[in-house]
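Protein sequence lines, in the order shown, are assigned to chains A and S.
To convert, take the position in the first sequence, counting from 1, and add 17; that gives the numbering used here.
To convert, take the position in the second sequence, counting from 1, and add 26; that gives the numbering used here.
The reader is advised that the hints may include incorrect statements.
Stated by the list, open to error - To give an idea of the interface, some chain A residues facing chain S are shown, with a C-beta separation under 7 Å as derived from the structure:
| id | residue |
| --- | --- |
| 1 | Leu229 |
| 2 | Gly235 |
| 3 | Asn242 |
| 4 | Asp292 |
| 5 | Tyr323 |
| 6 | Leu365 |
| 7 | Ser418 |
| 8 | Cys540 |
| 9 | Leu700 |
None of these hints come from the bench; they were simulated from the model.
Where a beta carbon is used, it is the ideal one built from N, C-alpha and C, also for glycine.
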Amino acid sequence: MTPDALSALERAGFSRRGFLKGAGALIVGYSAGGGGMIQAQNSGPPYPAVPLNQVDSWVVIGRDERITVYSGKCEFGQGFSTVQYQLIAEELSVPFDRISLIFCDTARTPDQGVTSGSQSHFAEFGPNGLRQALATARAALFQKASERLNVPMDELTVQDGMISVTADPAKQVSYGSLVAGGRFNLTLDARAQPKNPAEYRILGDSVWRHDLPEKVTGQFEYVQNVRVPGMLHGKAVRPPVVGAKVVSVDQNSVRGLSGNVRVVVKNDFVGVVADKEWQAIKAAQTLRVTWSQGVTLPNQDEFYDYMRRQPTRDAYVVRAPDVDDMLKQAKSVVSATYLHPYQMHGSLASSCAVADVKGTGASGTATIWSATQGVYPQRDSVAVVIGIPRENIRVIFVEGSGCYGINGADTVSYDAALLSQAVGKPVRVQLTRRDEMVAGENYGPAYVSDLKAGVDDRGQIIAWDYEAWTLSKGGRPNANNPGNIITGALVGLPTPPIVPAAGNSPNNFNNGGNAASSYGAGCVGATCSGTGTIRSERALTHTIQSPFYTGPLRSPNRLQNTFAHESFMDEVAASVKADPVEYRLRHLSDARLIDVVNAAAQAANWETRPSPKPGNSRTGVVSGRGIACVLYEGDNGYCALVAEVEVDQASGIITVKRLVASQDSGPISNPDGMRNQMEGGALQGMSRALREEVRWNDERIISADWRTYNIARFGEYLPIVETVLVNRLDVPQMGAGECTITVVAAAIGNAVYDATGGRLRQVPFTTARVLAALRARPS
Amino acid sequence: MAEFSLKVNGRSHKVDVDPETPLLFVLMEDLRLNGPKFGCGLSQCGSCTVLLDGEPIRSCQFPTSDAAGLDILTIEGLGTTENPHPIQTAFIEEQAVQCGFCISGIMLYGKTYIDKNPNATREQIIDSLNGLLCRCYTHTRMIRALERYARGLRA
């Protein structure tokens, strides 16, 4: 099919099914050459900086009309690269098959930090991102065309990369001929107008994902499939218990093994290298290492109490001075404590990286193929680990399995770099399942949340007091903190400790962690920017030293805080016998949050009445419904979720029957893509709420595989998942990947309360905890 | 090390490996295939699934010596982007992938069951995937894709 035919299909509204090249073939009209593959097209190190503010860093137009775009935001399986194609096609009016998109390669792409946190839309559609670069380029092309064709710019139109005089289309000039293979030499211009979302024809459409055909046919190259000529295979040998140090390594213990086994030791980092992966696995299993004793871990059965007793670093998000007074004045005070465990990213693939390091010091060089969320911070931190200047290091992003935050991708990149440097050959390392779970990833931290609300004689909440404890150790690695992940610490780089500090009253309202509930007015000084009406609110978070590495797991801290707030709101509603939806609306002021609550409730046929459901028996199987809502991190996505559950009161088994999720993220780039993320977030949230908890004994983590870290799997009851999208064209784009997961646990807990009258306050909702909640019901 | 003849996706290959090497490593390294993948190495997730004489096995713990001479099929052997298998087309039409790493398990277990049971109900299809993992939780769409494939067989 020719580009013209593809464009005609698109104009006729066929783009939702993508473009099929030939009958039945799957190529959706995109060009080859996805982001960050192995061919290095540039000259080698030192790699010059790619300035963020230059159009030429983002867009190159060839004489052959090819558009090559470079971006610092990458594809993780969440569908963002398809959105980038749509954005390019929309802003430049070019067909997909003329676009080459290259992302996240420190030698070639602008530094947009980390791809995470539902920030990609903000960044890419913001003043310093791809959209502004494209708008600047388009304005410049129109300027050039105006000069070439000798007509004012407002008399020109563009289609398929061809600018023509509107009144006389035969007078036309192509992008390629205007740019003549040269550079724009322009800074991103804030005055350049991106397209108005109301005029979108490609964005806003459910264009098929460009990467799916290769993924379903096994042709896609994940980082686990990277093959570099001469590559050897490495495996890490991690401490068997937390905090153990190397006493001695018996290199002779692997002497008889095949595969040219080499042993690498650097402080407490131990690894082996062999010709083939199976040989490296055998060597790692056979190598005898004598380790010191480790540390004694706090007892998990008493861990939440332990958390309350540690020195803390405090932070207030909001701190109205009259909270205590209002609580005293209240007709009634409701209080509750919520508990949330450490949880894992639990990436399906154990993390993998390939490194090709040559030498050390000022003349050393390195290329690393990594599934890291941040190629630039990884480059800068690896520089410290291997002692090679950052200008000589190239980190190329290659997609791994879904990561949902900091899985082992950065730590295994260090492993590969250290081994490659030691043996002078390219080395591939893929962690074992155990190492990924026990000594690879940074967990989502545990939470203890105390809530108190004061209610007046009309049943209105007049005070909301939140105090939470959580933990931290390490996090994303960067140049200043290369020891933020396990391999960095093993090799001797420090992990900064949590320094106890009192919390100051905030200067402005920043609810990035959702520590303030949706029902607070968010007043700091004279400005109120929360989503609710309760002015007397306080949100205090204590952070203590974590015994285990922690990091941002999908909806970091926001999920744990929202579990507490949204469960508690339900408890207050029940205490005044109010319907949970109506009670929320009574305390919300943000129209967009109100709309998504109503949208989810309506789609779920919400029955207006207080919880628990009247008429439910106290024995047998009963059903109920619950709702939760949030403005993700205070400014990045509005969503709500209704959960319908059945509870078997004899066994304590919760069966989630239906999840109805609504979301407003501003102008929707790809509706089907957004639904895909919402559905995945809903079910991943269900797994985390019902099943997931990192477990340990007095010396090590015991959650080391899929039996001991239990997640929801195929074969179990699959709830119906419905999604309701709210599309707003007159506001900025917001993120879409982390909102739904944030509200699942509370919605399910609230539904269990509605069904049974038993209240769940501890995640995961195991059968034992359900039965305990049932026993604790007032008779 | 010993020599084996492996028949993979219809073609014969001679490999020289330790007989105990799990088949997955030979497929990935020696034959440079991307379809079956290492997720856990413990037969717990299904990412490494291949068909051996038409039946799904976990190649991450299956000794290469036991696979010699038998028909091995990976998802590459089902079809290509230019010439996809109907089940692959079904996954595209339902956009039933997020990261895609789990795909070999879901596709090959699903195909094997539905080919024998084209009238399978939704519950039976879900059951046929018992134990498989998809951490992105694309379950909803994957079941729809398999149902679409089954409808195509019945048509």
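For each hint, the structure was consulted:
| no. | hint | verdict |
| --- | --- | --- |
| 1 | Leu229 | holds, 5 Å |
| 2 | Gly235 | holds, 3 Å |
| 3 | Asn242 | holds, 5 Å |
| 4 | Asp292 | violated, 10 Å |
| 5 | Tyr323 | violated, 30 Å |
| 6 | Leu365 | holds, 4 Å |
| 7 | Ser418 | holds, 4 Å |
| 8 | Cys540 | violated, 38 Å |
| 9 | Leu700 | holds, 4 Å |
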